[in-house]
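Colleague: Chains P and C are the protein sequences, given in the same order.
Read left to right, the first sequence gives residues 28 to 287 (the numbering used here).
Read left to right, the second sequence gives residues 71 to 266 (the numbering used here).
Just so you know, the hints here were simulated from the structure itself, not pulled from any lab data.
Any given hint could turn out to be false.
As the list claims (entries may be wrong) - Here chain C is said to cover these stretches of chain P; the calculated rule only asks that three of the stretch's residues, wherever they fall, bring their Cβ under 8 angstroms from a Cβ of chain C:
| no. | region |
| --- | --- |
| 1 | 44 to 51 |
| 2 | 63 to 69 |
| 3 | 80 to 91 |
| 4 | 112 to 122 |
| 5 | 155 to 163 |
| 6 | 212 to 219 |
Said to hold, decoys possible - Here chain P is said to cover these stretches of chain C; the calculated rule only asks that three of the stretch's residues, wherever they fall, bring their Cβ under 8 angstroms from a Cβ of chain P:
| no. | region |
| --- | --- |
| 7 | 91 to 104 |
| 8 | 107 to 117 |
| 9 | 125 to 137 |
Stated by the list, open to error - Dumping the calculated EDC-like pairs for lysine to aspartate or glutamate here, alpha-carbon to alpha-carbon at most 16 angstroms:
| no. | chain 1 | residue 1 | chain 2 | residue 2 |
| --- | --- | --- | --- | --- |
| 10 | C | Lys113 | P | Glu96 |
| 11 | P | Lys82 | C | Glu122 |
| 12 | P | Lys84 | P | Glu96 |
| 13 | P | Lys118 | C | Glu121 |
| 14 | P | Lys83 | P | Asp202 |
| 15 | P | Lys179 | P | Asp202 |
| 16 | P | Lys84 | C | Glu126 |
| 17 | P | Lys108 | C | Glu121 |
| 18 | P | Lys82 | C | Glu121 |
| 19 | P | Lys83 | C | Glu188 |
| 20 | P | Lys171 | P | Glu115 |
| 21 | C | Lys198 | C | Asp214 |
| 22 | P | Lys84 | C | Glu122 |
| 23 | P | Lys179 | P | Glu96 |
| 24 | P | Lys179 | P | Glu198 |
We treat Cβ as the ideally placed atom computed from N, Cα and C, and that holds for glycine.
As a plain string of letters, each chain reads:
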Amino acid sequence: MSIEAAVLPTQYEPPGTADFWIPLIGDGAWAFTRASLLALVSVGLIWWWLHATTKKKALVPSMGQMGTEAVYGFVRNGIAKDLIGSKEFLKFVPLLFSLFVFILVNNLFGVVPPFQNPTMGRIGFPIALTLVVFVVYHWVGIKKHGFVGYWKSLVPAGLPKAMVPAIFFLELITDMFTRPVTLALRLFGNMFAGHIMMILFITGGWYMLNSGGILPIFGGVTWIMTFVMTLFELLVEVLQAYVFTLLAALYIGGAVADEH
Amino acid sequence: MHALTFPAAGDGSGWGSLPPIIPHPLELIFGLVTFAVIYWVVKQKIMPRLEEIYAERAAAIEGGINKAEEAQAQAQAALQEYQAQLTEARAEASRIREDAKAQGAQIIAEMKQQAASEATRITDTAHKQIEAERQQALVSLRNDVGRISTDLASRIVGESLHDETRQRGIVDRFLAELESGDVVREKVGAVEGEDS
Numbered sequence: 028m029s030i031e032a033a034v035l036p037t038q039y040e041p042p043g044t045a046d047f048w049i050p051l052i053g054d055g056a057w058a059f060t061r062a063s064l065l066a067l068v069s070v071g072l073i074w075w076w077l078h079a080t081t082k083k084k085a086l087v088p089s090m091g092q093m094g095t096e097a098v099y100g101f102v103r104n105g106i107a108k109d110l111i112g113s114k115e116f117l118k119f120v121p122l123l124f125s126l127f128v129f130i131l132v133n134n135l136f137g138v139v140p141p142f143q144n145p146t147m148g149r150i151g152f153p154i155a156l157t158l159v160v161f162v163v164y165h166w167v168g169i170k171k172h173g174f175v176g177y178w179k180s181l182v183p184a185g186l187p188k189a190m191v192p193a194i195f196f197l198e199l200i201t202d203m204f205t206r207p208v209t210l211a212l213r214l215f216g217n218m219f220a221g222h223i224m225m226i227l228f229i230t231g232g233w234y235m236l237n238s239g240g241i242l243p244i245f246g247g248v249t250w251i252m253t254f255v256m257t258l259f260e261l262l263v264e265v266l267q268a269y270v271f272t273l274l275a276a277l278y279i280g281g282a283v284a285d286e287h
Numbered sequence: 071m072h073a074l075t076f077p078a079a080g081d082g083s084g085w086g087s088l089p090p091i092i093p094h095p096l097e098l099i100f101g102l103v104t105f106a107v108i109y110w111v112v113k114q115k116i117m118p119r120l121e122e123i124y125a126e127r128a129a130a131i132e133g134g135i136n137k138a139e140e141a142q143a144q145a146q147a148a149l150q151e152y153q154a155q156l157t158e159a160r161a162e163a164s165r166i167r168e169d170a171k172a173q174g175a176q177i178i179a180e181m182k183q184q185a186a187s188e189a190t191r192i193t194d195t196a197h198k199q200i201e202a203e204r205q206q207a208l209v210s211l212r213n214d215v216g217r218i219s220t221d222l223a224s225r226i227v228g229e230s231l232h233d234e235t236r237q238r239g240i241v242d243r244f245l246a247e248l249e250s251g252d253v254v255r256e257k258v259g260a261v262e263g264e265d266s
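Extracted from the complex, chain P is given alone in its bound form:
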């Protein structure tokens, strides 16, 4: 990635997983990494923004309050209310709203200077969020149906007796394994792959611009493509925040539903 690497074509080094490992303080398992710093910064930003835009509690909102209200209303009515139902959704709104803004801001860090590093591209963060969702939807399900009743509720009512064990097994795998793993990996994979693509386009373009012959033309095209990719990346970042929140609401809604 250095200029030296670009000058000599044979030394071009494609971006790899190691590029995501950016320890700032210390090293090893307890190093304070750049992703951790960004997570902290995101907390500060979110806290400041939410506090600043809602402290006036104006009936006729300012632009900032309108924006916060729009996002809140979207999560509250568009996700929580629709998927959990109007009876119980309100107590899950803080969780879903927190998930949405936290993921959204950290995802946007992927392209917004000076951060330009998606926090969710480090698997630890998606796993942490998934863990919260996983615990919550099992907890509220057990609280609602009772411990035995919850596991029973995994199997749809009215199923032939012979099919119950097989379906229960499949539902159990879905519930305990597939859902959390896909939830975490989807977010992580999108951010990780998107960012690695961005690095590839930028460093590759730089490499070609500094090469001889016809390659600088391809390098220019690549950098134009980088711009398009950045817009696409923005879309993916917003979409992934939405999808994660949506699925979390879906799982919670399924756990507290009266009938499966």
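Following the hints, put chain C in place on chain P, whose structure we already have.
Modeller: For chain C alone, kept in the frame of chain P given last:
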């Protein structure tokens, strides 16, 4: 596999060369802690505020609707009252007109009656006057006729018969006979012949 395919970043740390799906312990903890902070802020501070704004706005809108409805009801009541007043005024005007018409007719009738009675009275008075005058004329005429006839007769007879005539009521009797048609016209010549 990744660790084999891509070289490590060269910092000598094992973490850079590990597969990316191995969670970094401190990052996992950071994820939990930072999310917990966000959740706490949202639950304790932000959501109550936003819900309060929602409720207040809903109340304000509902209040506005109620106010508008109230105003509309008031306008409706005012309109009804106005229409009732208008109807009443119209009825009153019509009543007054009827009254005036009736009164006018009554006045005209009264005047007519008055005029008629006056005319009758005047006519009666005139009649009475005429009668009286006639009577007077009759009396006067009778006297005159009596006197003249007596004068004439006394001239003819040569003596005044006045006193005798008055005593005997000849003239009156004659005239009464004349009126009843009992008088037989006598030949003047014979009398004249006798006289001469």
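Colleague: Confirm or reject each hint.
Modeller: Going down the list of hints, with the structure as the test:
Counting residues of the region 44 to 51 of chain P whose CB lies closer than 8 angstroms to any CB of chain C gives 6, which reaches the minimum of 3, so the coverage claim holds. Judged by the Cβ-Cβ criterion of 8 angstroms, the region 63 to 69 of chain P is covered by chain C as claimed, because 4 of its residues qualify and three suffice. Judged by the Cβ-Cβ criterion of 8 angstroms, the region 80 to 91 of chain P is covered by chain C as claimed, because 6 of its residues qualify and three suffice. With 3 residues carrying a beta carbon less than 8 angstroms from a beta carbon of chain C, the region 112 to 122 of chain P meets the three-residue requirement, and the given coverage holds.
Counting residues of the region 155 to 163 of chain P whose C-beta sits closer than 8 angstroms to any C-beta of chain C gives 4, which meets the bar of three, so the coverage hint holds. Counting residues of the region 212 to 219 of chain P whose C-beta sits closer than 8 angstroms to any C-beta of chain C gives 3, which meets the bar of three, so the coverage hint holds. Three residues within the 8 angstroms Cβ limit are the bar, and the region 91 to 104 of chain C against chain P gives 13, so the coverage statement holds. Three residues within the 8 angstroms Cβ limit are the bar, and the region 107 to 117 of chain C against chain P gives 9, so the coverage statement holds.
Under a criterion of three residues with beta carbons nearer than 8 angstroms to beta carbons of chain P, the stated coverage of the region 125 to 137 of chain C is upheld, 3 such residues being counted. Pair hint Lys113(C) plus Glu96(P) holds up; C-alpha atoms about 15 angstroms apart against a cutoff of 16 angstroms. This hinted pair checks out: Lys82(P) and Glu122(C) have alpha carbons roughly 11 angstroms apart, not beyond 16 angstroms. A threshold of 16 angstroms between alpha carbons decides the hint, and for Lys84(P) with Glu96(P) the separation of about 11 angstroms falls inside it, so the pair holds.
Under the criterion of a C-alpha separation no larger than 16 angstroms, the hint pairing Lys118(P) with Glu121(C) is consistent with the structure, at around 12 angstroms. Of the pairs offered as hints, the one joining Lys83(P) and Asp202(P) is violated, with about 43 angstroms between alpha carbons and a cut-off of 16 angstroms exceeded. Between Lys179(P) and Asp202(P) the alpha-carbon distance is near 13 angstroms, which keeps this suggested pair within the 16 angstroms criterion. Of the supplied pair hints, the one linking Lys84(P) and Glu126(C) holds, its CA atoms being roughly 9 angstroms apart against a limit of 16 angstroms.
With a C-alpha separation of about 14 angstroms, the suggested pair Lys108(P) and Glu121(C) falls inside the 16 angstroms cut-off, and the hint holds. For a cut-off of 16 angstroms, the pair hint linking Lys82(P) to Glu121(C) stands: about 13 angstroms separates their Cα positions. Restraint check: the Cα-Cα separation between Lys83(P) and Glu188(C) comes to about 98 angstroms, which exceeds 16 angstroms; the hinted pair is violated. Using a Cα cut-off of 16 angstroms, the hinted pair Lys171(P) and Glu115(P) holds, with the two alpha carbons roughly 11 angstroms apart.
Distance check on the hinted pair: Lys198(C) and Asp214(C) sit about 23 angstroms apart at the alpha-carbon level, beyond 16 angstroms; violated. Distance restraint check for Lys84(P) and Glu122(C): the Cα-Cα separation of roughly 8 angstroms lies within the 16 angstroms cut-off, and the hinted pair is therefore satisfied. Note on Lys179(P) and Glu96(P): the hinted pairing is violated, with a Cα-Cα distance of about 39 angstroms set against a maximum of 16 angstroms. Of the pairs offered as hints, the one joining Lys179(P) and Glu198(P) holds, with about 10 angstroms between alpha carbons and a cut-off of 16 angstroms not exceeded.
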